[in-house]
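Protein chains in written order, with our numbering: chain A, -15 to 407; chain B, 13 to 284; chain C, 25 to 346.
Do not rely on the hints blindly, as some may be mistaken.
Said to hold, decoys possible - Listed next, the stretches of chain A that the computed footprint assigns to chain B, with coverage defined by at least 3 CB atoms under 8 Å from CB atoms of chain B: (1) 173 to 183; (2) 294 to 305.
As the list claims (entries may be wrong) - Label pairs and their calculated CB-CB ranges: (3) A/E371 <-> B/V266: 55 to 61 Å; (4) C/V89 <-> A/T391: 30 to 36 Å; (5) C/S68 <-> B/L273: 37 to 43 Å; (6) B/S16 <-> C/G209: 54 to 60 Å; (7) B/R74 <-> A/G53: 34 to 40 Å.
Stated by the list, open to error - Derived lysine-lysine pairs resembling DSS-like cross-links, with alpha carbons at most 30 Å apart: (8) C/K102 <-> A/K152; (9) B/K48 <-> A/K291; (10) A/K298 <-> C/K298; (11) A/K361 <-> A/K154; (12) A/K291 <-> C/K298; (13) A/K361 <-> A/K152; (14) C/K298 <-> A/K250; (15) C/K216 <-> A/K250; (16) C/K298 <-> A/K97; (17) A/K97 <-> C/K338.
FYI, nobody ran anything at the bench for these hints, they're computed from the structure.
Just so you know, even glycine gets a beta-carbon here, dropped at the ideal spot from N, CA and C.
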Amino acid sequence: MALLASLSIVAAACGDDEKDTSSSAAAQTTVAAAVEETTAETEETTADTVAPTDTTAGETDYMWTPNAGVLAGAEGQVNIVAWPGYIEDGSTAPESDWVTPFESITSCEVNVKLGATSDEMVQLMQSGEYDGVSASGDATNRLMAGGEIVALDLADFTSYADVFEGLKNKVWNSLDGEPMGIPHGRGANVLVYNTEAFPDGLDSWSAMWDGGTAADGVVSVYDSPIYIADAAVWLMATQPDLGITNPYSLDQTQFDAAIALLEGQKALAGQYWSDYTVQAGSLVDGTVLAGTTWQVVANFAASEGAKIETTKPKEGATGWSDTWMLSSQASNPNCMKLWMDWISSPLANAQATEYFGEAPSNSKSCALTADPDHCTKFHAENESYWEDVWYWTTATEECIDGRTDATCVPYTEWVNAWSSLRA
Amino acid sequence: MRTSLFSRVVLGLVTLGTLLFLYTPLWVVARLSFTKAKSVSWPARGWTLEWWREAWRTDGPRDALVNSLQVALAATAIALVLGTLAAFAMQRFTFFGRSSISFLWVLPIALPGIVTGIALQNTFSRTIDLWLFEFRVGFGFHSLVIAHATFCVVVAYNNVIARLRRSSPNLLEASADLGAHGTQTFRYVTFPLVRSALVAGGILAFALSFDEIVVTTFTSGSGFLTLPQWIYANFARPKSPAVVNVVATVVMVVSIPVAWLAQRLSDGGGEA
Amino acid sequence: MGECVELAPGLNPPNVAGEAFGPPQPVRVLNRLFRRRRRLALASVLSPPVFWMLFVYLGSLLLLVASAFFALDPDSQKPTTTFTTDNITDALTDSSAIRLFAQTVLIATIVTVTCVLIALPTAFFIAKIAPRWVRRGLMVSILLPLWAGYMVKTYAWRAMVSPAGGNQFAAAGRGGGGFLESVLGWTPGFSKTSVVIALVYLWLPFMVLPIYAGLERLPSSLLDAAGDLGAKPIRTFSSVIVPLLLPSIAAGSIFTFSLSLGDYILLRLVVDGKERVMFGELINSTLGAPNQPLAAAYTVWPLVMIILYLFAMKRAGAFDNL
C-alpha cells in the first residue's frame, strides 16, 4: 500500500515532466525546480513509508526497494565492466562506498573490471564474460549493433521512473523506442591545468593545440581514437569554414584536417593517458601541466596535493552520457538488474556521481548530494550548459548531422588513423 | 687457466656491479613499503608499518595470492607429468620427426606472451563442435591452468632430459639383468634418478606460473585475479601503491629459501 | 623399458612362487605389453604431451592465424564470416607497423647483446674464479630477482627512472622524481633508454643461468691446455671459451630476445604512453580497438620472426643447452 502511494506520487511528478519536455531550456529549468519541490515532499513520504521495512541497510536509508521478483532470483554475484570510480567499495576512500550496502541488501557480490576506454569496454563485453557495463555513447551503438546487450523490461526497475526525462530514449541508449539501458550520470571532458604554471587561469583549449605556453611538451592527451572528436571541436571554433557541425560527423576533408591537427599536437604532448591513475600521478608530480581529463581524476589528484584547476573551455568540449546496460550473455542477469536499479536510485546515484564529479541521472539525487551545490556545479538541470558538450558517439558512414550529400568517416577508420598517429 | 690478479679484480667488480644493478630496484621497493608518505616517489620518508597492516587487512592481495598458488600448483603438476613423459620419449627412443618435435616444447615459451595469450583466448572463447558433442572451454581457473601448464612443460622437460642425458643407460640394463620388470625398474631405479630433476623443474615451473602476467591477462575469467594481475590492476590506485610494495617485498623474502633450494637441487644433480 | 635382457622366454621370476611374489597382475600385463611392443610404449609415453601441444597449442596458433582472414563488421566491430585478405595485407604492408617492428627487433637485439656482455664476465667470475663455497650463494643471488616477479620489477623501475617535475609545479613533497633522479641528479626518464635498461634488468638472470651452466661443464684442463700452448687469457677467452659457450649463449638469447620482442606491459609503466615503442603495444591496442582479425594478422610478424630465430638457435645448439 505504502509502496503504491509513493510510486503514484513519483508518477505524478514525472507526468508533469513529460508534458514539458518539448519546451525550451528556460522552461525546463522551471520544471526542474518544480520537480525539486515535489521531490522534497516525495522524499519525506517515501522515507516514512520505506524506512520501517528497509532495515537491512543499516543507519542509512537508501530509499530503494528492489523489485521483489528480481531480488528473489539474485544469483549471488555480478561481474561488471565499469569506468574507474563508478563502483566504489570503500577501498579507495573509506567514505565512498556504495557497494557494501548493495551487497548486504541483495547478497550479490560485486566484481568490477575497470575499462580505461570505450573500445576496451566493447572488447570486454564481446567476450561474453561479463554481466553488464557502464557504457558511454560511443560504446553503446557498437554493443547494440553487435547484440551484446538486451533491451530492458522497465517493470524490473524501480528507479527508472526518477531518471531525468532529458536522458531517456536517446539515440545512444535506446533502439526503436525501447530502452536499452538505464542512464547514469553525464559529464564533460574538462581541461585541467596547473595553477602555478597558469596563475591567471585558462578558459580555452589553445594551450593544447596552439602551444606557446608553459605547458609545451607536457600536455596530457586522452589515448583513444575518440579524441579525434576533440580535435574536431577545436576546428569548429577555429576553422569554421570547414563546416563541421558535429564533431562525430566528419567527412574526409574534415577528418583529414583533424588528423593534421593531432599530428601537430604531438610536439606539445608529453603523455597519452588511458590509465587515469597515471595521469593523476603526473599531475601531482607536476610532470603534466595541462590536459584533458575527467573531474574524478582531477579530484583524486587534488586530494594528493596537486595544484590544479579544471574548466570547460569556451570552445566547448566532448563529453559523455553513460548508460548501464545488461549483457545478452549475462550469467547473473538478476544481480545485474539489481545493480542497475540500485545505482540509479536517489542516494546511490547521488553518491556515485558526486564522487566522480558528474551530473546525476536521478532527479531526486540533487537533494541528496553532500555538497548542496553539486547539481548546480555540474549543471544537472541546466540544459544550456550541455549545448556545447558533444557526448561520445560512434561515428558512422551515415553522417550523424544528417547530411545526405556526403559520406562520413566511420569509427573503424578513426581507429586506424589513431593507430598510425600513435605509432 | 691462469688469470692475472688484475683481471680477477675487474671481473669481480663487474660481478659486484651486476649484483648491485639487480638489487637496487628491489631494495627501493622494499624501502618504500615502509615509507610514511602516501606516494611512492623517492626518497622514502620515515618508517611505518601502516602499509603492512593495510596489506594484511585487505582481501585483495590475499585472495590473489591464494589464486596464484592454486593455479601454479595445478599447472606445475600437469607440466611435470607431460614434461617427464616427453623427456623420456625423446631420450629413450628414436623415431621419425624427433628433432622437429623438440621444437614443440619450446614454442610456448619462446613465442611472445601476447601471441600465446591471444591464440589461447581465441580458442577458449569458441564453441568447439565435435560431431558427438560440443564444448566451450571458457574462462576461469581451468583456462588459466591449461595456459600455464602449456608453457611450463618445457621447464620440466629440460630438467628431466638433462638428468636423463647425464645418467648412464647401464643402470637400467643392470636393473633388467637383475630381473626387474619395466615398472619395477621405473620405481626403484629410474624414478629416484630423476626425482631431484623433477623437484627442481617443478620449482622453476611453479615460479614461472606464479609470476606470469601476459598470458594470464588473456586467459583468466572475470573476478579471478592472480597476484601479478592484482599488482598490475592496483599499482597506481590510491593507497594501493604502498600496499603493492609490501606485497612485492613479501614475495621477494619468501622466495629466498625456495630459490636456494632450487639451485641446490640443480647443482646437486650436476655433481652426480 | 629400453633393451631389456630376457633370461629366457618363460623363465621370468613371478610365476614361480605364486601370486604373492612380484608385481600385481595388471602391472605384469602392462610390463609384458610394453616389453614386446616398443612402439606402443613409445606412443603411450609420447602421446599425451604431443597431443596437448598439438591440439591445445599449435591448434590455437593455427586458429589465430586463420582468424586473420575474416572481415570485421564495422557497426558492431565483431568478426564476420566473410573471407578477406585485407587484414593480412594491411598488417604486412603498413609502413608504420613495419617501422615499429623493426624498432622492436632492434631493441630486442640490443637487450640481448647487453645481457650477453654483462652475463659473460659475471658468469665467468662465478664459475671459474670465485671460490667454491661462495659459488652457490652467488648464483642464488643472481637468480633471486627472478622470483621477485615481473610486475614487481617493472614497477620498481618506474620508481627508479621517474623524472622530476618542475618543483614549483609539483605538490608538496612530490615531484622529486624517482631514485635515480634524487640520487644521481639525472635519469633517462620515460624513454626508450629506460625501456632497454629495464628489459636488460628483467631478463639478465635468464642469460646468466645457461652461460654459467655451460662454463661449469667446461673442464678447467681445457683452459689450462690453451694456456700451456701459449695463449694469453684473452686469446683463450675468444678462441676457446666463447665458441664453446655459443650454444649456451644461444639458449639464453632465446629468452632475452623473445621476451623482449613481445613485451608491452613494461611500456605502460616506463614510457608513460608518449609514443609507441614496441610491437606488442600495437597488437594489444588493435585487439582492444576491438579488431581481433587485424590483431591476429599483426601477430604473424613476431610469429615468423621467432620461428626463424628458433631455427637459427637450434643450429647453434641451443636446444641441448636449455
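We went through each hint and held it up to the structure:
no.	hint	in the structure
1	173 to 183	violated (count 0)
2	294 to 305	violated (count 0)
3	A/E371 <-> B/V266: 55 to 61 Å	59 Å, holds
4	C/V89 <-> A/T391: 30 to 36 Å	33 Å, holds
5	C/S68 <-> B/L273: 37 to 43 Å	33 Å, violated
6	B/S16 <-> C/G209: 54 to 60 Å	36 Å, violated
7	B/R74 <-> A/G53: 34 to 40 Å	36 Å, holds
8	C/K102 <-> A/K152	27 Å, holds
9	B/K48 <-> A/K291	21 Å, holds
10	A/K298 <-> C/K298	27 Å, holds
11	A/K361 <-> A/K154	24 Å, holds
12	A/K291 <-> C/K298	23 Å, holds
13	A/K361 <-> A/K152	22 Å, holds
14	C/K298 <-> A/K250	9 Å, holds
15	C/K216 <-> A/K250	17 Å, holds
16	C/K298 <-> A/K97	25 Å, holds
17	A/K97 <-> C/K338	42 Å, violated
In summary, the structure is inconsistent with hints 1, 2, 5, 6 and 17 from the numbered list given earlier, while agreeing with the others.
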